[in-house]
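Top line first, the protein sequences correspond to chains A and H. Convert by adding 4 to the 1-based position in the first sequence; the result is the number in our numbering. Convert by adding 4 to the 1-based position in the second sequence; the result is the number in our numbering.
Check before you lean on any hint, since a few could be wrong.
For chains that are exact copies, the list does not tell them apart, and a pair is met inside one copy or across any two.
Unchecked claim - Only pairs whose alpha carbons sit at most 25 Å apart, straight line, appear in this in silico DMTMM-like list of lysine to aspartate or glutamate:
1) 29 x 177
2) 174 x 112
3) 174 x 39
4) 172 x 39
5) 136 x 272
6) 21 x 279
7) 184 x 30
8) 21 x 261
9) 136 x 261
10) 294 x 268
11) 103 x 59
12) 138 x 206
13) 104 x 9
14) 136 x 206
15) 264 x 67
Rather than coming from a laboratory, the hints here were simulated on the basis of the structure.
Residues per chain are reported as follows:
Number of protein chains: 2
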Amino acid sequence: MNNFDTELKERTAYVEKIVYDYCPKEEGLQKIIIEAMNYSLKAGGKRLRPMLVLETLRLFGGDEKEAYPFMAAMEMIHTYSLVHDDLPAMDNDMYRRGKKTTHAVYGEDMGILAGDGLLNMAYETMSMAILKSKYPQRAALAMNILAYKAGIYGMIGGQTVDVINENKEKDIDTINFIHKLKTAALIEGAMMVGAILAGVDEQAVETVEEIATNVGIAFQIQDDILDVTGTLEELGKPVLSDEKNNKTTYVTLKGIDESKRLVEDYSEKAVNLLESLGGDSEFLKNLIIKLINRVK
Amino acid sequence: MNNFDTELKERTAYVEKIVYDYCPKEEGLQKIIIEAMNYSLKAGGKRLRPMLVLETLRLFGGDEKEAYPFMAAMEMIHTYSLVHDDLPAMDNDMYRRGKKTTHAVYGEDMGILAGDGLLNMAYETMSMAILKSKYPQRAALAMNILAYKAGIYGMIGGQTVDVINENKEKDIDTINFIHKLKTAALIEGAMMVGAILAGVDEQAVETVEEIATNVGIAFQIQDDILDVTGTLEELGKPVLSDEKNNKTTYVTLKGIDESKRLVEDYSEKAVNLLESLGGDSEFLKNLIIKLINRVK
């Protein structure tokens, strides 16, 4: 393990601990739903989005404590989207990251309610953060941006277009729309929240958004590539699921080599923009490169 | 139609117009999800919760414009809960208010996503309201209270206990828990939001919460009564659905007469508390009485 991998592992554990601090207590007559929510939240993952909130805030020298509730909220929103995506009426996945999905363990009704509970709790957490923040205006703006990126003009919009085009031939514009909204939007939200909480100006927030867009799209194309080249062991989910589902992806439209080249392009653009911001961006830069070139 | 009924009709139309002003435009590749959300929002109903936001704010002489986005958000949260409740994995209802339910028209996947979209948009709307409010602190507190009442310690908690006890014998404590959380919590949220946005003190907010609890429980017992005594025409949904689903309710446990007496008790308590607040509470009082003694 090189230095960056060791550092990443430590920082991931740190981020995870913060997220866990916001997990609700499993008690009351409604205990089962809280268990289902925590099961979903604690099922692992890269913790990429809360890490991007924190690392972007750090890049601009913000107050770390301001980020904590937003990091938890970010992961709750990401997790709810996975829980609902896995439902029988959606992707119908029984496994994710090598573990049973939430509805597979708790039933379909609890899967729906656990997702709702996580989404609602994200906003409960952020609204409490506004009340407690040293900079309530920043916190309110951060929440508003995240709500926009998570909603019908962001992630939910992307999920919609993904679902209605399932098993259909798609053109590259539709695929780009899905990648931009379904995947990039939350990454944009995460980095913008970090920047806004640190109190940077609009110009810097825009640059951060552009970095995140490039990271998000590269990340999703890499996902399409990994679906073809990965193994069950590496990914913790069935491979070739895209092919089996007759899904058009970057790889089926452009081929592996061109897709890999595009990942390089987006990646380079993100890194260049990041360096243009100044500050100590070493960790963020390595994180972006690692994410985009990941093998699982 | 007596004077109050005429007044109620006019004020309902006024409330509905405000809610409609916040409906998203049906455009973009993701248009279908926006149509599904608006279909759900525009499917009628009493508009009780946004009306309670507005009327409670009026009682305390608040600035009406402060209430508008919260009224819309309130109805979005109520509507998302109906859309998800109607799903096949939940109550599996194909009709509500005499109209096809959202998933019946748009499919189960869009039903899930439309509910998610409505819940998220509620918070997007409220977070924007905080940014635009003359009293951002009040608006942030109002949103935090509503998030609490809509979440696992409120409505979602109540739905959970309702779902896991379906087709089971329930004791009166469990039924009270469900009524308090599944139904009363959002009514509490609505009235508390109105009071908070008007800038009243904590004591008054607590009294308002107590009024709303009594209204909510009476409303729900009346719902159980109507399930036995109503007709399809009056209710716009199949009658005796509780009995068919082998559901324990106030009526099956306590009988119709005792249930009716309890509705009277809760109703009287709500009205007495309301009058203790002073101010022109005539319309709110009539609204509460009307709601509780409704025949549909």
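Between copies, within a copy, both or neither: which fits residue 136 and residue 206 at Cα up to 25 Å?
-> So residue 136 and residue 206 pass the 25 Å test inside a copy (24 Å) and across (18 Å) alike.
Give the relationship of residue 104 and residue 9 under a CA distance limit of 25 Å: within one copy only, between copies only, both, or neither.
-> neither (27 Å within a copy, 54 Å between copies)
Should residue 174 paired with residue 112 be assigned to within, between, both, or neither, using CA atoms and 25 Å as the limit?
-> between (30 Å within a copy, 22 Å between copies)
Intra- versus inter-subunit Cα pairing at 25 Å for residue 136 with residue 261 = For residue 136 and residue 261, neither the intra-copy (50 Å) nor the inter-copy (49 Å) Cα distance is at most 25 Å.
Give the relationship of residue 264 and residue 67 under a CA distance limit of 25 Å: within one copy only, between copies only, both, or neither.
-> neither (37 Å within a copy, 57 Å between copies)
Using 25 Å as the alpha-carbon threshold, which applies to residue 21 and residue 279: within, between, both, or neither?
-> neither (29 Å within a copy, 49 Å between copies)
Quick one: residue 138 to residue 206, C-alpha cut-off 25 Å, is that within a copy, between copies, both, or neither?
-> both (20 Å within a copy, 23 Å between copies)
Classify it for me, residue 103 with residue 59: is the Cα-Cα distance of at most 25 Å met within a copy, between copies, both or neither?
-> neither (28 Å within a copy, 49 Å between copies)
Classify it for me, residue 174 with residue 39: is the Cα-Cα distance of at most 25 Å met within a copy, between copies, both or neither?
-> between (39 Å within a copy, 22 Å between copies)
For residue 184 vs residue 30, is the C-alpha pair at or below 25 Å within one copy, between two copies, both, or neither?
-> For residue 184 and residue 30, only the inter-copy Cα distance (20 Å) is at most 25 Å; the intra-copy one is 36 Å.
Between residue 29 and residue 177, at a C-alpha cutoff of 25 Å, which is it: within one copy, between copies, both, or neither?
-> Between. Shortest inter-copy distance 22 Å satisfies the 25 Å Cα cut-off; intra-copy 44 Å does not.
Evaluate residue 21 and residue 261 at a C-alpha cut-off of 25 Å and name the case that applies: within, between, both or neither.
-> neither (39 Å within a copy, 54 Å between copies)
When each numbered hint is compared with the structure, violations occur for hints 5, 6, 8, 9, 11, 13, 15.
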